[in-house]
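*Asks:* Chains as they are written, first to last, in the UniProt record's numbering: chain Z, 1 to 283; chain R, 1 to 199.
To be clear, the hints were calculated from the coordinates, so they are not data collected in a lab. By construction, the Cβ of each residue, glycine as well, lies at the ideal position given by its N, Cα and C atoms. One or more hints might be untrue.
Computed footprint of chain R on chain Z, listed as stretches where at least three residues anywhere in the stretch have a Cβ under 8 Å from a Cβ of chain R [unchecked claim]:
no. : region
1   : 129-139
2   : 146-157
3   : 177-185
Given next are the chains, with one letter for each unit.
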Amino acid sequence: MIARAVAAARRRNADRGARTPGAAPPVPADAVPSGVVPAGVVPADAATGCVVRLEDVHVRLGGRDVLRGVDVELTERRVGIVGANGSGKSTLARLLNGLVVPTAGRVLVDGLDTRRDGAAVRRRVGFVFTDPDAQIVMPTVAEDVAYSVRGVPASERDRIVRDALAARGLAHHADHPAHLLSGGQKQLLALTSVLAARPRLVVADEPTTLLDLRNTRRFAAELAALPQQVVLVSHDLTLMDAMDRVLVVDDGRVVADDAPGPAVAHYRRLVDEAAPASRRGAS
Amino acid sequence: MTPGTYRPGTSLVHRAPAGAKLAGLAGVSAVALAATSPGTVAAVVGAVAALYAVAGVGLRAAWAQVRPLRLVVPVLLAVQWLTLGPVPALVLTSRLVALVALAGLVLLTTRTSAVLAAIGRGLRPLARVGVDVGRLALVLSLAVRCVPVVTALAHRVRDACRARGRERDVRAYAVPLVVGGLRQADALGDALRARGLDD
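Go ahead and model the full structure; you've got the sequences and the hints to work with.
*Replies:* Structure below.
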């Protein structure tokens, strides 16, 4: 299982032309808009968001057209994505850090193409998955956070890890095995580990689906307080109220792109129209 | 309590370097396995007990380390008693228990990261023959991390089998376990990539 995980990560990196360690990814001159931090430079200010552009993006996975021509530019601090199961919204989220690359079209993060410069994109874009058990990679809490902190001396790394855990109320659990944490604490640990890498954009793919109401609120509050730009995919429509902009994805297309109120109303109408008339009457 | 789970502490045993503890464990194991005299084995048992006392991890933690042996040891003791006599039987079984307890103590008093780092340092000479030691260390960490994840998956699958009255069906247990394990591996691969493996 472990060999499969590591091999999968490596294979996909190789497919996408990940750079050798230390080598700065080449950036085509025309791909970098003026005023954007050049590739390879660690962003000094996490609060400066990214410019994410999807240009006529199509994704075909397992013989199915998952996304069919998505054209958006995301610059808002809080972007929500809603849609039914299988609508393509998770794939849309995964495009943003190069976990999925387009079959046609391209995705640019600050001018970096996710297909060519996947590693550099992933340094800017942190990703929180739905299941924390699938993203905590180290045995203990502190070790997992430390895995995200690279290129600094051990003492400095330990200080960063300590501060990061204290900031999320996990300091007492530093040496505990990660599997002994509660579901809510695990998801907080996952977020802490993502933030320790100092991303400028945090993409969260249904991060509260496995959490109870109290932990959902706690997690949402943590996300809301982040200085970083956030793209949140969720089925929880109440979380969309805090967004600046909400995309509704249906059948592989962005069918609404608006403020939270009108976008969520559009999504509700879509669901109502898809339900058989008899059931609609019952609800 | 699970055997081999690190328990934070500040004792001399906790503070000793991980590499020294692992080397000590190897050394004591070699001595104990070569020894057949009751005196030497008694000394090893005494030393292990003393180290537990110094570490101050408590009797419950000590019992948790040797608990998995509770079914094997009586059988082993009985068979050897009948075939070899009482003294060799006691010598053989007590050194087995002492060594398992000592290995448990090393894990109880050493962070997994320190154990892995020490193993990584020990493997470093292999880098000269082209082995990626950093990758090997990561795989060891992942293995430790995956034990509870796969255990939880196994429990879920077993519960699902039970809920449908198929607790004796090996296929109904094995297939979802393997498929679930592979899915988890793919998800872990995505997580490693998202967190900059191979950057």
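*Asks:* Each hint should be assessed against the structure and marked as holding or not.
*Replies:* Evaluated hints:
By the rule of at least three residues with a Cβ nearer than 8 Å to a Cβ of chain R, the coverage given for the region 129-139 of chain Z holds, with 9 such residues. For the region 146-157 of chain Z, the stated coverage by chain R holds: 4 residues have a C-beta nearer than 8 Å to a C-beta of that chain, and at least 3 were required. A stretch counts as covered by a chain when three or more of its residues have a beta carbon under 8 Å from one of that chain; for the region 177-185 of chain Z and chain R the count is 3, and the coverage holds.
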